[in-house]
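What follows is the residue order along each chain.
Protein chains: 2
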Amino acid sequence: MGMKERRVREKEVVRTKILDAARALFVAEGYEAVTMRKIAAAIEYSPTAIYLHFRDKEAVINAICDTDFLKLAARFRKIAEVADPIARLKAAGFAYADFAMRHPNHYRLMFMTPHPPHSPDESVIEVGNRDQDAYAFVLWTAAEAIELGLLRPELDDAELVAQIVWAAIHGWVSLRMTKCNEPWVAWRPQKRSIEAVIDVSIRGILRGPAVSAGRKLKA
Amino acid sequence: MGMKERRVREKEVVRTKILDAARALFVAEGYEAVTMRKIAAAIEYSPTAIYLHFRDKEAVINAICDTDFLKLAARFRKIAEVADPIARLKAAGFAYADFAMRHPNHYRLMFMTPHPPHSPDESVIEVGNRDQDAYAFVLWTAAEAIELGLLRPELDDAELVAQIVWAAIHGWVSLRMTKCNEPWVAWRPQKRSIEAVIDVSIRGILRGPAVSAGRKLKA
DNA sequence: TCCTAGACTTAACGCTGTTAAGTTTCGGAG
DNA sequence: CTCCGAAACTTAACAGCGTTAAGTCTAGGA
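Residue numbers (this note's numbering), protein chains in the order written: chain A, 472 to 690; chain B, 472 to 690.
No wet-lab data here; the hints were simulated from the structure. Model, not experiment: these values are computed from the prediction. Treat each hint with caution, since some may be false.
It does not matter which identical chain is meant; a pair holds if it fits inside one copy or across any two.
[What the hints assert, rightly or not] Mimicking EDC-like on lysine to aspartate or glutamate, the simulated pairs with C-alpha atoms at most 20 Å apart in a straight line are:
hint	residue 1	residue 2
1	K662	D627
2	K662	E630
3	K662	E625
4	K662	D628
5	K488	E476
6	K561	D602
7	K549	E615
8	K528	E503
Build the full structure now, drawing on both the sequences and the hints.
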C-alpha cells in the first residue's frame, strides 16, 4: 500500500535537495548566480531533472523566498503582542530592517525587482493575514494608531500611513544595499542610522506632543 | 588637414546612433531587453561594431544614464535658488520623485541595482558638485537647515539628515515601481501619496512648532 | 603605387533557460 | 513469472546572450 507514499516522500527529498542547493547559491551570490546547471551539479543530477520538481527557475527561487519569509512573519507574530501601536510600529520597523540586512538577496528579489503580477494561489503566504503578510501587519497597526487618535488628524488613512512608514524603512534598506560601497555617501553606523529613520518617521506621523488640536502651522 | 577631424566626427555619429537605439530599447523595456544584437539590428551594423565604440554593454547603458541624469541636475540647479532650505528640500523631493517616475528604467539601474564600485573618472557627473550630484545638493541643503537651527537638536549631522530624507523618497519611488501592480497594496493617488511622504519626513526632522527647547519627551 | 591604420564583418566560444525524445526503473495486473 | 505503464531521470539539442579572435575592405599618406 504505502508504496505511493514512499514515492512521494522520495520525491520530496529530491525537491528539498534542489531547494537547499539553490538556496546556498542564492544567499551567497544572488539570483543571477543561481543556474539550473549549477544546482544540478551540486546535487549530482542532470539540469533537466529540476524541471520534474519545479516549473522553471523562477519557481525554485520563489519557493526559497516564500519559506524564508515565513521567518519574518514569525518575528512579527511576536511583535503583535506589543499593545501600544506606536511601540509596535517601531519594533516592526527594526525587525524588518534587520531581516532585510540579514537576507539581502531574498529582500532584493522580493522587494527590489519587478515581477509579473504575483499569482497568490501558488504561494504559501496568505495575503491579508497579518500573521503571515507583513504589509497586513503594518496596516493593522496603522489603523489602530489612527483609531486611538495618536496620529495627526490629516493622516486618517491607514493605507497611506502604512505606505509612508514602509517607504521610509524600505528606502533605508534598499539604499544601504545598493549603495553601501559608494565613496560619495558617508554612511553612518547602521544602528544609529535606522534608529534615526524610524524616529523621524514616527515623529512625522505622530500628533505633536501636547499641542492642542487647533494650533498647527499650515506651512 | 581636417581629415582626422572628419573621421572623429563620423565616428561620433555612429556612437550617437548606438546610444539612441539603445536608449529607445532601454526606456521601453529595461536593461535586460537591451541586447547588443538588437542594438546592432536597429542601426544596421554587426553586433561587434558596437565594441569599437564602447567597452561593453554596461558602458553603453552607463553613457545613457549619465547624460539623462544631467537633466535632473538641471532641475536641481533651478531649485538651488530657493532660499529657505526647508522649502528647497521639499521642492527637491518632488523633483526627484517626478524624475524617477518619468524615467523608471534609468532610475532602476542607477539606484535599485548594485554595481561594482563606480569608477568616477569615466562618468560625466562630477561627484560632490551640487550642480551635478543630487546627493551633494541634499547634503548642502541639510547642512544649511542645521546651521539655521531649523532641525531637532539631535539631528546635528547633515549626512544623516540627508540620508533620512533620501531614504524616504527613494523608498516611496522604488516601492511604487516594483509593487505598483500588486493587488494586496492599495496605492493612493500619486500626488497625494508623495506629498504625504515629504510632509511626514520634513515634520519628522523639523524642530517642533513653538515648543521650547527643554520640553521633549524622551520616549 | 604600396603600406598601414582604422572601421567593420564573420565565425566562433562558452554561457544561459528550456524542451523533445529516449532510457531506465519498478510496482502492480494478468 | 511476465508484461505493461507510469514515473524518474538523462542526453542532445535549440535559441538566445555577451564577448573575442581573425579576417576583410577602404582610404589617406609616403
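Identical-chain pair category, K662 with D627, by Cα at 20 Å: Between. Shortest inter-copy distance 17 Å satisfies the 20 Å Cα cut-off; intra-copy 31 Å does not.
Homo-oligomer pair classification [E503, K528; C-alpha up to 20 Å]: both (11 Å within a copy, 17 Å between copies)
Given identical chains, is K662 near E630, meaning Cα to Cα at most 20 Å, within a copy, between copies, both, or neither? between (27 Å within a copy, 15 Å between copies)
Under a CA distance limit of 20 Å, which applies to K561 and D602: within one copy, between copies, both, or neither? within (17 Å within a copy, 36 Å between copies)
Cα distance capped at 20 Å. Does K662 pair with D628 within a copy, between copies, both, or neither? between (30 Å within a copy, 15 Å between copies)
Taking 20 Å as the upper bound on the Cα-Cα distance, should K549 and E615 be classified as within, between, both, or neither? Cα proximity of K549 and E615: one copy only (17 Å, versus 42 Å across).
When no copy is named, should K488 and E476 be tagged within, between, both, or neither for a Cα gap of at most 20 Å? within (18 Å within a copy, 62 Å between copies)
20 Å Cα threshold - placement of E625 relative to K662: Close across copies (15 Å), not inside one copy (31 Å); limit 20 Å.
Violated hints: none; the structure is consistent with every hint.
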